[in-house]
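Undergrad: Protein sequences appear in the order of chains Z and C. Heads up, the final residue of the first sequence is numbered 220 in this note's numbering, and it's a clean run with no missing numbers. Heads up, the final residue of the second sequence is numbered 76 in this note's numbering, and it's a clean run with no missing numbers.
Calculated directly from the structure, the hints in this document are not laboratory data. Even for Gly, the Cβ is constructed at its ideal location relative to N, Cα and C. Some hints here could point you the wrong way.
In silico negatives: residues of chain Z with every beta carbon more than 12 Å from chain C [to be verified]:
hint, residue
1, Glu158
2, Asp165
3, Ala200
4, Lys214
Capping the alpha-carbon separation at 27 Å, the derived lysine-lysine pairs in DSSO-like fashion look like this [as the list claims (entries may be wrong)]:
hint, chain 1, residue 1, chain 2, residue 2
5, C, Lys27, Z, Lys199
6, C, Lys29, Z, Lys207
7, C, Lys12, Z, Lys159
8, Z, Lys161, C, Lys63
9, Z, Lys197, Z, Lys207
10, Z, Lys207, C, Lys12
11, Z, Lys207, C, Lys27
12, Z, Lys183, Z, Lys161
13, Z, Lys214, C, Lys17
14, Z, Lys197, C, Lys64
15, Z, Lys197, Z, Lys183
16, C, Lys64, Z, Lys218
17, Z, Lys183, C, Lys29
18, Z, Lys191, C, Lys63
19, Z, Lys191, Z, Lys207
20, Z, Lys199, Z, Lys214
21, Z, Lys214, C, Lys29
22, C, Lys63, Z, Lys156
23, C, Lys29, Z, Lys176
24, C, Lys29, Z, Lys188
25, C, Lys17, Z, Lys183
26, Z, Lys207, Z, Lys218
27, Z, Lys218, C, Lys17
28, C, Lys17, Z, Lys197
29, Z, Lys208, C, Lys29
30, C, Lys17, Z, Lys156
31, Z, Lys159, C, Lys64
32, C, Lys17, C, Lys27
33, Z, Lys156, C, Lys12
34, Z, Lys176, C, Lys63
35, C, Lys17, Z, Lys199
36, C, Lys17, Z, Lys207
37, C, Lys64, Z, Lys161
38, C, Lys63, Z, Lys159
39, Z, Lys156, Z, Lys176
40, C, Lys12, Z, Lys208
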Amino acid sequence: MGFLKFLKREGKKEDFNELDLPPAPPPIEGFEENGPMPGLEDAKINADEAQNFNLPQQDFDFSKDMDFDIGNENTGKEGMPEFPDLEEKNQPTYAQPAQRAPFQAQPMPMMNVEEEPHEEDEHTTEPEASAPDYQKATRRYLFPERRHDARQTFVKVEKFKAVLDNISMIRSDLRKSEEALLKLEQMKGAKDRSYDKFKASLDDLQKKLIFIDKTLFKGD
Amino acid sequence: MRERTGAPVFVKVDEYKEILDVLDMVKAKISEIRDTLGSVNEIRNEEDAEVSMWNSTIDDIEKKISDIDSMMVELE
């Protein structure tokens, strides 16, 4: 097995820097690599030395505690650019949802409700009191034929008694009608039985006539 | 005791409109019952006509039977 000795590393320690570098990646299309920045060919950028690259000087010291006074923004901040004052008319305006005013119960054309205008003005200032009015008005609008519900209805005592008497008479008449209907059903049952008996009698008569006919013409 | 005056006395009626609606429905039902009674009367008239026709038919049969009977008696 001596021919496999070449696979052994034989304890040779290779330096990491002596390893072959991998090939560079292919260049990306449209992204050409520029040369080094002019004047910075051999410069090593350090973060602490960034202030040497002609950057704009800051007027404030970050090491101090920041104390912003929102009310006096422009005091002592001369280096900050000032924004032009925008006119209010350039600001976009959005449609605001219309707030519902407390409902005013308007009189319907078919109603005879007498309301004083002063009371309506009082309702407009009290939304809690106008809520039932709104419901009533909505109910009246949806069910115009039920306008009587909003008002109390009174009937004279004499008419009320007459109505009660009529109702009792109608009840007795209905009871009589039910009894008459029962009698009619009984009569209908009896009639059906009579028809059945009549049909049976006709069948018997026909049989007897056939017998007589056969008997009379047997000699032929 | 207070003396009664001639002032009318009223009774409050709740659900007045519902009562009127029910009365309308009762009227409609009465009309329907009246139509049904009309149809029952028509059926009864037809039945009476059939019964009268049956009666006449039975009369004819009875007459013919009596004729046959008389003929058979004469043969004897």
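Undergrad: Hints first: check each against the structure and report whether it holds.
TA: Do the hints match the structure? See the list:
1. Glu158: Check fails; 8 Å does not lie beyond 12 Å.
2. Asp165: 14 Å, holds
3. Ala200: 14 Å, holds
4. Lys214: Check passes; 14 Å lies beyond 12 Å.
5. Lys27/C / Lys199/Z: Outside the cut-off at roughly 43 Å; violated.
6. Lys29/C / Lys207/Z: 50 Å, violated
7. Lys12/C / Lys159/Z: 12 Å, holds
8. Lys161/Z / Lys63/C: 66 Å, violated
9. Lys197/Z / Lys207/Z: 15 Å, holds
10. Lys207/Z / Lys12/C: 76 Å, violated
11. Lys207/Z / Lys27/C: 55 Å, violated
12. Lys183/Z / Lys161/Z: Answer violated: Lys183/Z to Lys161/Z is near 33 Å, above 27 Å.
13. Lys214/Z / Lys17/C: 78 Å, violated
14. Lys197/Z / Lys64/C: 22 Å, holds
15. Lys197/Z / Lys183/Z: This hinted pair holds, its Cα atoms lying about 21 Å apart.
16. Lys64/C / Lys218/Z: 21 Å, holds
17. Lys183/Z / Lys29/C: This hinted pair holds, its Cα atoms lying about 22 Å apart.
18. Lys191/Z / Lys63/C: At roughly 26 Å apart (the allowed maximum being 27 Å), Lys63/C and Lys191/Z satisfy the hint.
19. Lys191/Z / Lys207/Z: 24 Å, holds
20. Lys199/Z / Lys214/Z: Satisfied, since the Cα-Cα distance of roughly 23 Å is no more than 27 Å.
21. Lys214/Z / Lys29/C: 60 Å, violated
22. Lys63/C / Lys156/Z: Answer violated: Lys63/C to Lys156/Z is near 72 Å, above 27 Å.
23. Lys29/C / Lys176/Z: 17 Å, holds
24. Lys29/C / Lys188/Z: OK: Lys29/C and Lys188/Z at ~24 Å, within 27 Å.
25. Lys17/C / Lys183/Z: Cα-Cα ~37 Å, so violated.
26. Lys207/Z / Lys218/Z: 16 Å, holds
27. Lys218/Z / Lys17/C: Violated, at roughly 84 Å.
28. Lys17/C / Lys197/Z: 55 Å, violated
29. Lys208/Z / Lys29/C: 52 Å, violated
30. Lys17/C / Lys156/Z: Holds. Lys17/C to Lys156/Z sits at ~17 Å (cutoff 27 Å).
31. Lys159/Z / Lys64/C: This hinted pair is violated, its Cα atoms lying about 70 Å apart.
32. Lys17/C / Lys27/C: 15 Å, holds
33. Lys156/Z / Lys12/C: 9 Å, holds
34. Lys176/Z / Lys63/C: 45 Å, violated
35. Lys17/C / Lys199/Z: 56 Å, violated
36. Lys17/C / Lys207/Z: 69 Å, violated
37. Lys64/C / Lys161/Z: Distance of about 68 Å is beyond 27 Å: violated.
38. Lys63/C / Lys159/Z: It is violated: about 67 Å lies between the C-alpha atoms, which goes past 27 Å.
39. Lys156/Z / Lys176/Z: With a Cα-Cα distance of about 30 Å, the restraint between Lys156/Z and Lys176/Z is violated, given a limit of 27 Å.
40. Lys12/C / Lys208/Z: 78 Å, violated
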